[in-house]
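> Fit chain P to the known structure of chain Y by using the hints.
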Amino acid sequence: MMRRFVTVFAVVILAGAWFYSGNRTAAEYTPHLTQAMPQAAGFDRVGGSPPTFKAKDDKNRDMGYVVFGEANGYGGPLKVAVAVDLSGRILQTAIVENKETPAYLSAVLRHKFLEKFEGKGVGAPFELGEDLDGVSGATVSSLAVAEAVRKASHDVGRRQFNLDIREKRENWRIGLPETVVILLYLVAIVSVFVWKKPNVRNYVILAGIIILGFWLNRPVSLPYISSALLGYFPSCRQNLLWYVILFGAVVPALFSGRNIYCYWLCPFGGLQELANRVSGVKYGANGAENKLRVARNLLLWFGLLMVFLYRNPALGNYEPFAAIFGFKGTGLAWLLLSVVLAASVFRFRFWCSYFCPVGAALDICARVSRDVKGLFGKGRREEIKEVPAGSAD
Amino acid sequence: MSEEKIKPRGRNKTEAVFIYVFYVITFAVIVLTFWQNWKEFCP
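Order-wise, the sequence lines are chains Y and P. All residue numbers for the first sequence refer to this note's numbering, where the first residue is 1 and numbers rise by one. All residue numbers for the second sequence refer to this note's numbering, where the first residue is 394 and numbers rise by one.
So that you can see chain Y by itself, here it is in the shape it has in the complex (with noise of 0.2 Å):
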């Protein structure tokens, strides 16, 4: 009963704050517009939606354009700033808001992605792939930077240069990375459900540690499930591997009440169970640690609620992922990634049985399915055959 209670609090709570956040709206441009020219003596608004301005120098004279554009990037609402010159050449380009990691932002900056804009006409095609080079391992950031000043330069190309730029229809990105995602989410549950093979899942793991981790650092993580919960969904034709890999989680859980994502396809969970090999002590929670475990649903929640306060997801975001696949992190994370490595050794799937938030995520969606299906008759709870996350037998 008490536990019942508890957690109906604290989702009350959270749906608080996000009605809270969510009726907050703060659209403000002005402080932003230096930082796009800072050459600029004054602007005047000439209108548009996000606004456009017109840059003035000391004696009054135009010296050009400040008009922003907004994409969803890896954490959400990406906005950049863009300064046009008289004759419709972009001169500068400034990222004014982002939720993004700040790894993969800061990937985003050390690559000078910004300065690639910089001479290129307004009405140019501002493609990855096209016209523009990717920043390898923040993909999805580089491609919300690329949408958002192609919106902005596109908008201030037909309304102050009379340029007649028609959007082309966003191609879908299927290459390589989305073929071999889709083809190891259908092997892994097609292993589960219908050959029912649990000795592949050891080829699996390996399989997700080297794609879904070292290969394209995309392990399902809480900036993922944060983001969906906001709304914020980055272009489907662009980023049709952030559905997979989220929903390919998701999914699974929500129609058959098993978390299979952790168990077989989890990268992190793979190398923490490699680490626990060193030793070959293979212990999982006893019934006093057990308890524990509160930690994980302790964390995914404040995680959910920093998120949901701030509307930003990159605040909810603590987990080691981006120091190990990508190599970029923290001292903090890589300070994390070292202890709960350590601990691996000695306790099978340290991280999963008491701190990840998406593995607490998940067992939710699962057991949400498997009450539902409890209460529409479908039968006693149906036995979980894996081993859940986060113990050994």
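It is possible that part of the hints are untrue.
Stated by the list, open to error - Derived PhoX-like pairs (lysine-lysine); straight-line CA-CA distance at most 25 Å:
(1) Y:K168 - Y:K120
(2) Y:K120 - Y:K56
(3) Y:K291 - P:K406
(4) P:K406 - Y:K328
(5) Y:K196 - Y:K54
Said to hold, decoys possible - From the structure, some residues in chain Y lie toward chain P, with a derived Cβ separation under 7 Å:
(6) L132
(7) L292
(8) V294
(9) Y310
(10) N312
(11) Y318
(12) L332
(13) V339
(14) L341
(15) A343
(16) F346
(17) R347
Since the hints were made in silico from the structure, they are not lab data. As the structure is a computational prediction, the values presented were derived from the model and not from experiment. Glycine included, each C-beta is placed from N, C-alpha and C at the ideal position.
Just chain P, lined up with the frame of chain Y:
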């Protein structure tokens, strides 16, 4: 929590203490990470 309770299936006391020490360190680092995120995004 008594020591008997945390001694599972042949695990000795040292191993149990290890897990608890790692748990506390990990939790502390996660709290620091939240604080760092908050400092970075909500100045």
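> Against each hint, give a clear statement of whether it holds in the structure.
The hints, checked one at a time:
For the hint linking K168 of chain Y to K120 of chain Y, the alpha-carbon distance of about 18 Å falls within 25 Å, and the restraint holds. For the hint pairing K120 of chain Y with K56 of chain Y, the CA-to-CA distance comes to about 22 Å; that is within 25 Å, so the pair holds. Restraint check: the Cα-Cα separation between K291 of chain Y and K406 of chain P comes to about 18 Å, which is no more than 25 Å; the hinted pair holds. About 37 Å separates the Cα atoms of K406 of chain P and K328 of chain Y, which puts this hinted pair outside 25 Å; it is violated.
Between K196 of chain Y and K54 of chain Y the CA atoms are separated by roughly 65 Å; this puts the pair beyond 25 Å, and the hint is violated. The interface hint given for L132 of chain Y is broken, as the beta carbon of that residue sits about 27 Å from the closest beta carbon of chain P, more than 7 Å. Nearest Cβ of chain P to the Cβ of L292 of chain Y: about 6 Å, under the 7 Å cut. The hint holds. For the restraint placing V294 of chain Y at the interface with chain P, the shortest Cβ-Cβ distance is roughly 11 Å, beyond the 7 Å limit, so the hint is violated.
For Y310 of chain Y, the interface hint holds, the least distance from its beta-carbon to any beta-carbon of chain P being 6 Å, beneath 7 Å. Below 7 Å, beta-carbon pairs count as interface contacts, and N312 of chain Y has one with chain P at about 6 Å; its hint therefore holds. A cut of 7 Å between beta carbons decides the hint on Y318 of chain Y: the least distance to chain P is about 4 Å, and the hint holds. With 7 Å as the threshold, the beta carbon of L332 of chain Y comes within range of chain P, its nearest partner Cβ sitting at about 5 Å, so the hint holds.
The beta carbon of V339 of chain Y comes within 5 Å of a beta carbon in chain P, closer than 7 Å, and the hint placing it at the interface holds. Checking L341 of chain Y against chain P by beta carbon gives a least distance of about 10 Å; that is not within 7 Å, so the hint is violated. Here the hint on A343 of chain Y is kept, as its CB sits about 4 Å from the closest CB of chain P, short of 7 Å. At its closest, the beta carbon of F346 of chain Y sits 5 Å from a beta carbon of chain P; the interface hint therefore holds under the 7 Å criterion.
At its closest, the beta carbon of R347 of chain Y sits 5 Å from a beta carbon of chain P; the interface hint therefore holds under the 7 Å criterion.
Hint compliance for this structure: hints 4, 5, 6, 8 and 14 are not met, and every other hint is.
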